[in-house]
Amino acid sequence: MTGYYTQLIVNGIVAGSIYALFAVGLAMVYGVFKFINFSHGELITWGGYLALMFSSPPIALPLYLAVIPALLLTVGIGLAQDCFVFRPLRQSNPISILIASIGLSYLLRNGIRLFWGSDLQSFNLPLSTGIIFGDIYITRIQILMVLSALLFFSILYFLLTRTLLGKSLRAVSDNIELSSIMGINMRKVTWTIWILASVFAGSGGILLALDTSLDPMMGMNSLIKAFAAVLLGGAGNIWGALVGGLFIGITENLSVAFISPDYKDFISYGLIFILLLIKPRGFFGIAGGVR
Amino acid sequence: MDYLYHILIIALIYSIFAQSLNLELGFTGLYNFGHIAFFGIGAYASALLSLSGVPIPVAALIAIGLAGIAGAFLALPTLRLSGDYFGIATLVFAEMVHLLFLNERDITRGPMGLPNIPRPDWIGTGVTSLPLLLAVVFFAAAVTFILLRIITNSPFGRSLKVIREDEFVAQALGKNTFLIKTKAIVTGSAFAGLAGVLWAHYITYISPSDFTLQETILVLLCIVLGGKGTHWGPVIGAFSIIFFAEFIRFIPIPSEYTRFVAPLQGMIYGFILVIMMLKRPQGLISESRGQRTTNA
Amino acid sequence: MLEIENVTKNFGALTAVDNVSFRLGDTTISGLIGPNGSGKTTLFHLITGFYKLDTGNISFLNRKIDGLPPHIISRKGIVRTFQQTRVLPFLSTLDNLVAAAPGQLGENILPLFFRPARVAKEEAENREKALSILETLGLTKLRSTPAGDLSYGQQKLLEIGRVLMADPKLIILDEPTAGINPTLIRHLVTILENLAEQSVKIFLIEHNMPLVTELCDKIFVMDSGSLIFSGTPAEVHNNPRVIEAYLGREKDAAEA
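Residue numbers (this note's numbering), protein chains in the order written: chain Y, 1 to 291; chain D, 1001 to 1296; chain X, 2001 to 2256.
Derived from the structure by calculation, the hints contain no laboratory data.
Hints are supplied without guarantee of correctness; some may be wrong.
Output of the computed footprint for chain D on chain Y, the stretches with three or more beta carbons under 8 Å from beta carbons of chain D [to be verified]:
1) 3–9
2) 104–111
3) 264–274
We put the beta carbon where it would ideally sit given N, CA and C, even for glycine.
Pulled out of the complex, with its shape left as it was, chain Y reads as follows (with noise of 0.2 Å):
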């Protein structure tokens, strides 16, 4: 029995691994410029089924090619937000913002069902064999998702303590005004940010296909989630991205073991709600930004 529960501990370390990379990401945006980015959300679909697209016929690249041209796309539709939409509306009021962010999420999940329809899609992998550990299976996939992570969760500690650069990122999430007076090269900075963004949460899409499905919902699920996980952990620190959403992921996978799984997803909306209950700003504060 201690199996079956240390199995949706396994399980909720996989999701919650995930959920934090989508986490960071919207943590930095919000870090910087001050919005919920509601179509961050596709930049996870999106990034999951353009490595689909790029692995299957005509194109037929072996998967681990394909991320390459999907993660430089997923780049171009974060840039392509700030450019098109973002920049314009930076002296908008809040509320301006947020709604151009739902219209746009809206616009790019009906654009995954124009190219690839409504229906669930999957990888045609041949089926990977798992891991076994006693009690506990692990797919191949599961673990490539907790390590690719950690990786990047390291690389991007150390872009921000090492680096010129996550110095000066660091120095815009806490006065962007101040920040471009100060000869910050906010063009730079910018970029790095949706970047970032954008590959975290690419990536993170591709992997979460990997292990289930796609389906033009999955990022707006996951972005519910990955909210979830900036209130916990907090923006202002990475690893307090991490920690949120592996608490987030743990919670709604131990849950199924309570209560049916059909309310696996109203656990964490639930979490949400008594978080902002009890922190209405967020645990350390999401408007710390990134540090």
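Use these hints to put chains D and X onto chain Y, whose structure you have.
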């Protein structure tokens, strides 16, 4: 002709729904992205009650009341949140309500939905009932319009605008902003419930997939397009969007392309939202600034 | 009428208001001065309930008011303006005033339908009162202009008018003359003096020393969160600690 009746009925129901959200979003500045939940609560409550034998007018009134109470339930915890956080919390609330519709199979029959929702006998069924249905829905829409107009043109409506423009000032002037916002949400939710009731008894079949984020975006679009904080804006928005959606069905499209229609339509809606925010955030009709807000 | 006892407010490691105690007795117009960042505005936020205090007591007319929400404190008769003008930009100048009338029956939904005559009568009275205040302010011609289109000085006046509309017992003004021209300042002084004659108490933060000296009967001085002195304008002018607080700070700034 029958088809025109159908479009008018749908557009009028949506105009009620859009007006109810406009009270919160346009007049009070509350960005409720979970308004569909109250439409759904109204629809499910009235359908379930009337299916279990409660007379339809009674069922409808109870449903509207329940939607209002659910509004208070949402307002109490979330109103302390500001701006975008309130938006997320309401969105999550609507998702939770949707999951309840989907999973409480013993009550709602889950994804199979509720068929054969009754209509009052004097309206009847089939094509012949359409003019009567239109009259009923028109009456409901007119009542909604008039009541909301009285409410928003009153000192109460002015206090909503004070809160929208500057909540601190409202508090400094002795306004109980929490209470006033709660009233706005309860009223808005009750009217959304009314729209849901009409929907359920007109369509006669509801399922959880009728009450999703997609509908929230549609009604948001009606308001943003028409002009938030105006009386006619949501009505005009609702008619434009519904007529546009129905007009598309008349375009002769080869059957192999029909699967592209719905996604393209969605892309257009998303695009309109983005473009409106970029080019004309106030909507087609803009709220006249400095207008006298009182009738006295 | 207003009593402040051992009030302290911390923001993280920073103590913005440090164990401040004083009482506003029968003085008609009192001033609060001090260098920037000395905690004056924070103290005003504490009195009006916009910030919650960490320790201490505040009472008004012998009733404890700390811990009450801002709107209740306002209804008890302490009405304030803000340092940065906060008019309601989309509402007309007239509506900015009418909105400030206290205890409006028409701000509830049910009376709109069940007692419409009473609501209309009340609204007409409030409108009349607002018009007479606009007359005093000299803004009658601009009554249907959106308040956001008024000049900065006119907006400042409108804010004062809004306070008058609320039937206050104590008015709290945060830098009422900042950024407005001398003619308007004179106009404002007249309005305040008229008010004082109607037994409304005034408590204001102001940097314009000649004006404070002219208007106030009593002056409180804050520095680095503490109350360092209180007395008549003449006493304040001759007090070495006050002079040091101002000049010392300027000297530091010059050296920095």
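Hints, verified against the model:
With a cut-off of 8 Å between beta carbons, the segment 3–9 of chain Y has 0 residues touching chain D; three or more are needed, and the interface restraint is violated. Chain D is given as covering the segment 104–111 of chain Y, and this holds because 8 residues of the stretch bring a CB closer than 8 Å to a CB of that chain, at least three being needed. Three residues within the 8 Å Cβ limit are the bar, and the segment 264–274 of chain Y against chain D gives 6, so the coverage statement holds.
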